[in-house]
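Model the placement of chains S and R on the given structure of chain Z, informed by the hints.
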Amino acid sequence: MSSYEARFKVWRGDVGGGGLEDFAVEVNDGEVVLDIIHRLQATQAPDLAVRWNCKAGKCGSCSAEINGRPRLMCMTRMSVFDREETITVTPLRAFPVVRDLVTDVGFNYTKAREVPAFVPPSGLGPGEYRMMQEDVDRSQEFRKCIECFLCQDTCHVVRDHEENKQAFAGPRFLMRVAELDMHPLDAAAESGLDRRATAQDEHGLGYCNITKCCTEVCPEGIKITDNALIPLKERAVDRKYDPLVWLGSKIRRRSASG
Amino acid sequence: MSVVDRQEWDVVVVGAGGAGLRAAIEARERGARTAVICKSLFGKAHTVMAEGGIAAAMANVNEHDNWQVHFRDTMRGGKFLNQWRMSELHAQEAPDRVWELETWGALFDRTKDGRISQRNFGGHEYPRLAHVGDRTGLELIRTLQQKIVSLQQQDFKETGDHESRLKVFQECTVTRVLKDGNRVSGVFAYDRETGRFFVLEAPAVVIATGGIGKSFKVTSNSWEYTGDGHALALLAGAPLLNMEFVQFHPTGMVWPPSVKGILVTESVRGDGGVLRNSEGKRFMFDYVPDVFKEKYAESEEEGDRWYDDPDNNRRPPELLPRDEVARAINSEVKAGRGSPHGGVFLDVSTRMPAEVIKRRLPSMYHQFKELADVDITAEAMEVGPTCHYVMGGIAVESDTAAARGVPGLFAAGEVAGGMHGSNRLGGNSLSDLLVFGRRAGWHAAEYAAALAFERPEVDDAQIDTASAEALRPFSAESPDEAAPENPYTLHQELQQTMNDLVGIIRREGEMAHALEKLAELRVRARRAGVEGHRQFNPGWHLALDLRNMLLVSECVARAALERTESRGGHTREDHPTMERVWRNINLLCRLADPTGGLAATDPERGQISLTRETTDPIRPDLLALFDKEELVKYLAEEELYE
Amino acid sequence: MATGTEPHLNSGGVRTGTRAAITAPHLRTDRWWLAPAATAAGLLAFIVYSTWRAFANADYYAAPYVSPFYSPCLAENCEPMKNGPNWEIFGSWWSISPAVLILIFPLGFRLTCYYYRKAYYRGFWASPPACAVAEPHKKYTGETRFPLILQNIHRYFFYAAIPVAGILTYDTVLAFRDEHYEWGHMGLGTLVFLVNIVLIWAYTISCHSCRHIVGGKLKHFSKHPVRYRMWQWVGRLNARHMLLAWTSLVSVALADFYVYLVASGAFDDPRLF
Numbered sequence: 001m002s003s004y005e006a007r008f009k010v011w012r013g014d015v016g017g018g019g020l021e022d023f024a025v026e027v028n029d030g031e032v033v034l035d036i037i038h039r040l041q042a043t044q045a046p047d048l049a050v051r052w053n054c055k056a057g058k059c060g061s062c063s064a065e066i067n068g069r070p071r072l073m074c075m076t077r078m079s080v081f082d083r084e085e086t087i088t089v090t091p092l093r094a095f096p097v098v099r100d101l102v103t104d105v106g107f108n109y110t111k112a113r114e115v116p117a118f119v120p121p122s123g124l125g126p127g128e129y130r131m132m133q134e135d136v137d138r139s140q141e142f143r144k145c146i147e148c149f150l151c152q153d154t155c156h157v158v159r160d161h162e163e164n165k166q167a168f169a170g171p172r173f174l175m176r177v178a179e180l181d182m183h184p185l186d187a188a189a190e191s192g193l194d195r196r197a198t199a200q201d202e203h204g205l206g207y208c209n210i211t212k213c214c215t216e217v218c219p220e221g222i223k224i225t226d227n228a229l230i231p232l233k234e235r236a237v238d239r240k241y242d243p244l245v246w247l248g249s250k251i252r253r254r255s256a257s258g
Numbered sequence: 001m002s003v004v005d006r007q008e009w010d011v012v013v014v015g016a017g018g019a020g021l022r023a024a025i026e027a028r029e030r031g032a033r034t035a036v037i038c039k040s041l042f043g044k045a046h047t048v049m050a051e052g053g054i055a056a057a058m059a060n061v062n063e064h065d066n067w068q069v070h071f072r073d074t075m076r077g078g079k080f081l082n083q084w085r086m087s088e089l090h091a092q093e094a095p096d097r098v099w100e101l102e103t104w105g106a107l108f109d110r111t112k113d114g115r116i117s118q119r120n121f122g123g124h125e126y127p128r129l130a131h132v133g134d135r136t137g138l139e140l141i142r143t144l145q146q147k148i149v150s151l152q153q154q155d156f157k158e159t160g161d162h163e164s165r166l167k168v169f170q171e172c173t174v175t176r177v178l179k180d181g182n183r184v185s186g187v188f189a190y191d192r193e194t195g196r197f198f199v200l201e202a203p204a205v206v207i208a209t210g211g212i213g214k215s216f217k218v219t220s221n222s223w224e225y226t227g228d229g230h231a232l233a234l235l236a237g238a239p240l241l242n243m244e245f246v247q248f249h250p251t252g253m254v255w256p257p258s259v260k261g262i263l264v265t266e267s268v269r270g271d272g273g274v275l276r277n278s279e280g281k282r283f284m285f286d287y288v289p290d291v292f293k294e295k296y297a298e299s300e301e302e303g304d305r306w307y308d309d310p311d312n313n314r315r316p317p318e319l320l321p322r323d324e325v326a327r328a329i330n331s332e333v334k335a336g337r338g339s340p341h342g343g344v345f346l347d348v349s350t351r352m353p354a355e356v357i358k359r360r361l362p363s364m365y366h367q368f369k370e371l372a373d374v375d376i377t378a379e380a381m382e383v384g385p386t387c388h389y390v391m392g393g394i395a396v397e398s399d400t401a402a403a404r405g406v407p408g409l410f411a412a413g414e415v416a417g418g419m420h421g422s423n424r425l426g427g428n429s430l431s432d433l434l435v436f437g438r439r440a441g442w443h444a445a446e447y448a449a450a451l452a453f454e455r456p457e458v459d460d461a462q463i464d465t466a467s468a469e470a471l472r473p474f475s476a477e478s479p480d481e482a483a484p485e486n487p488y489t490l491h492q493e494l495q496q497t498m499n500d501l502v503g504i505i506r507r508e509g510e511m512a513h514a515l516e517k518l519a520e521l522r523v524r525a526r527r528a529g530v531e532g533h534r535q536f537n538p539g540w541h542l543a544l545d546l547r548n549m550l551l552v553s554e555c556v557a558r559a560a561l562e563r564t565e566s567r568g569g570h571t572r573e574d575h576p577t578m579e580r581v582w583r584n585i586n587l588l589c590r591l592a593d594p595t596g597g598l599a600a601t602d603p604e605r606g607q608i609s610l611t612r613e614t615t616d617p618i619r620p621d622l623l624a625l626f627d628k629e630e631l632v633k634y635l636a637e638e639e640l641y642e
Numbered sequence: 001m002a003t004g005t006e007p008h009l010n011s012g013g014v015r016t017g018t019r020a021a022i023t024a025p026h027l028r029t030d031r032w033w034l035a036p037a038a039t040a041a042g043l044l045a046f047i048v049y050s051t052w053r054a055f056a057n058a059d060y061y062a063a064p065y066v067s068p069f070y071s072p073c074l075a076e077n078c079e080p081m082k083n084g085p086n087w088e089i090f091g092s093w094w095s096i097s098p099a100v101l102i103l104i105f106p107l108g109f110r111l112t113c114y115y116y117r118k119a120y121y122r123g124f125w126a127s128p129p130a131c132a133v134a135e136p137h138k139k140y141t142g143e144t145r146f147p148l149i150l151q152n153i154h155r156y157f158f159y160a161a162i163p164v165a166g167i168l169t170y171d172t173v174l175a176f177r178d179e180h181y182e183w184g185h186m187g188l189g190t191l192v193f194l195v196n197i198v199l200i201w202a203y204t205i206s207c208h209s210c211r212h213i214v215g216g217k218l219k220h221f222s223k224h225p226v227r228y229r230m231w232q233w234v235g236r237l238n239a240r241h242m243l244l245a246w247t248s249l250v251s252v253a254l255a256d257f258y259v260y261l262v263a264s265g266a267f268d269d270p271r272l273f
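Protein chains in written order, with full-length UniProt numbering: chain Z, 1 to 258; chain S, 1 to 642; chain R, 1 to 273.
Extracted from the complex, chain Z is given alone in its bound form:
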């Protein structure tokens, strides 16, 4: 096993200010960035704040920006860097900083509340649900999401424009809308909720310019743009911009009521 000394720059500070602090720290075979941050805590900076949990890429807690790229610290192996390279670790830059590498991700929880929940179909009790695998595949892909919020962090709509946070749910929660809209038994429509229209009207789907950074940073490899956002845009078009569909639904509604 070989070990070496790596140079790190870690952002330290809080909402009142801060900056990059230099560290020299030992690195061993097979380690990930989070191991190094832990070593810093144990040996040089006991109060270095960092959020982490499972250390296996399953919980999505240790999101940070490493050399300027949003990543999970527990899934970034040290072997991807040159030994000579100085590795810069900063907190997520789209959210307010709390302390050191910890940010306030409350934005995401607020947005989560704004997406109406799954509407169970009436007339089907527990145990009576029947769904085919091919019908749940699409939503299952989106449910792989570990809510690391890297997509929310990298999305320029809010990263570069604080003022858009009000109107834009972000890739994670637009994907949640897509997930529910594709759920084979979601009865939102029957309850008078049109998820396709609200995607645009209430969750800011139109802000997305499909530049795919969300897909690029997703540690779960979910094809957020191609499989969730674009299909959702197409579904919104069905509702709002397709005259044939619009006419068809008008006629059907009339004949149904007539």
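Keep in mind that the hints are not guaranteed to be accurate.
Claimed, not checked - Rough simulated footprint, nothing fancy, chain Z against chain R, three-plus residues with beta-carbon under 8 Å: (1) 23-31; (2) 112-126; (3) 136-144; (4) 248-262.
To be verified - Some, not all, of what chain R presents toward chain Z, calculated at C-beta under 10 Å: (5) 57; (6) 147; (7) 149; (8) 151; (9) 177; (10) 213; (11) 216.
Simulated from the structure, these hints should not be mistaken for lab results.
Idealized CB from N, CA, C, for every residue including glycine.
Below, chains S and R alone, put in the same frame as chain Z:
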């Protein structure tokens, strides 16, 4: 000094994993204003790490399955030490709890006819685990999280406030359960982000904090697993049950060192993976214990046929309960037949096509690729035992999940003891969370409602003591001018001690030594000091968690020393056989000196006192589910003829 | 402790007051600018070339080959092509290049294409230039208002792109004639046309709108097995949409350029049989 913020709630749930969230949902739906407190962000709980599935006898894949069979499997897995009433409730109610999740939006993998698919797992007679690939825990936590959000949306519609009836206090730690006389009156907690203290006043507190794995060096558990709930209950006067039973999952990663212990799901074996030693031998065939001889295949051919034709063949011994497999791996490594990094080989690459592996075990594929640079579709994994789960926990009433001896205290999930006996079957933990999470929430809400007009009072003096205790690390003094102790160092020493001396194979001398070492660490932990201030200070958080880990570790060591037999998750080299006389003996840990006086520094006395308790006899109709020949192996004669 | 302990002045984006005080617009150390620069250069090259060719109004027909830029040719001023795709819908009043009439459709299809949108938003508009690299714009409203809200009409361009691709297929069939309109021959140009039409179709079919229309809009695949199969099939192509967007862009330019070379007499179409 008590200027801390106070809020009134009906039920406070400590922990936001599967059990905590399920309890919160139930309490809120039964009308209790409910607060949930968790150390991590909402939705990050350790439950997300569960991979394999939720065991529930829905009989979707094999029609012969029913709750009786599930109950039998659970009792066998736990070597008949289980609180049988809990195992019974668990087996009966698990299917309803799974189906309920679907009505909240969960999407399990499906059978051909559109029902919930179920997979094989160690110790389960039929395919029984509802699953979503190998990320079932994530699905469970997300579903419960989203159900909570949906309840909050309802409340918003009615009251204009999302958090009027159900609120999650995320990234907060509870350090004390407060009491009024012998009844619970609330909790004392601090906000990790700001370091501010606050008190939630509530007549009912549900503890659902999970396990204790972070006291061990090699563990599949996350940092949160510091035994907080166990310690809170002890400190509040409730006993812990059978703490000597710690499950070592047979397959954790062994290399590279930084990921040592991370779980490799049992589904790898359930779906066809096999264990081999360095000689290429499928060694598990040599390790089938007598009590399981009739249930497991004797040849590789038979074992292999079982995957396609389970009705006419017996299952391969790779699917023995976890304790058996973990011990077998341990023996192989000790005998010098281990893999290069001190494990054994777990191979799926020669058993399934690459495409199937990637589809059925996507996160395992990902995990090995990313963390170890191993392509599991092309080569074998190296695996070894890792501390995974504690069967012991807070002693509770089976039906109500109420902690014994402390009115108003409830416990569910891993932190509660009894359900799994001496060894838990894979898949039974997620169903346990749901079944007993619901029961705890239900009875906590009822209990709180009954006290609506005579709520227990929170005592200011207790708040002051709790704040002083929490602030101590900032003013750590040392008698001889020495620097304060580094909490990280103490933690590492504790983990090493437990791993080496109270690990998978135990010996009397080592455990006695461990108790001495723990006493020494306790003394040093009093001097654990931290730098900086209270705002998101991990050093401080760890210093406070050390109290809990030390308490719980002592319980494990003391109970393990006392139980002179080997059973399930407790293996004594000096007492290698299972003794029928121990079958109905429970060991209860209680705080020896509730004032936390000097006795705690004496290794002989310590902080914990042990008592033995004989359990209630198993109800005859449940006993009748087993063959006499089988029962003879477990039960003492007088138990049989009652 | 740390250096540079100044909170941000509230200058927006990653320098918003409450965020970690880091002044650099990004901290990426890799060559993040390479991809947008290459994209911009590639698109720009095509724009320059196609503008020249579209307005040149010359050298677009060399029997039996018609440049894809001028097909179908819909004005009176088109060069006559025997059985070719020229229909005089527009009379003599149309005096500029007939290419302009038809290029609107493929251009609109590509302009509103989900891949090209990404490419030019990043490459030309720097919105964003690359992931986690701050964009230079003060305000951003995305595709929520005019004119970019019009991107939503992509599917109509997709509908239009199908007959256009059909006509180019017809042109490719006609390319199995020789310069005297005799059937059963093939030149190098035929091969160029064949490759081009395959790529054009692959690009058209792999469109996200197409994927939606054939099956993506369904809630229950299990009730529509045929459309499900089609959706899967389009999905596989769709995963390569970027690749097809570029290769078909190059191939259409090459096909045009080949016609230009032959028509202008700079090159003689080698006959294969």
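A quick look at each hint next to the structure:
no.	hint	verdict
1	23-31	holds (count 5)
2	112-126	holds (count 5)
3	136-144	holds (count 7)
4	248-262	violated (count 0)
5	57	violated, 35 Å
6	147	violated, 13 Å
7	149	holds, 7 Å
8	151	holds, 8 Å
9	177	violated, 39 Å
10	213	holds, 8 Å
11	216	holds, 5 Å
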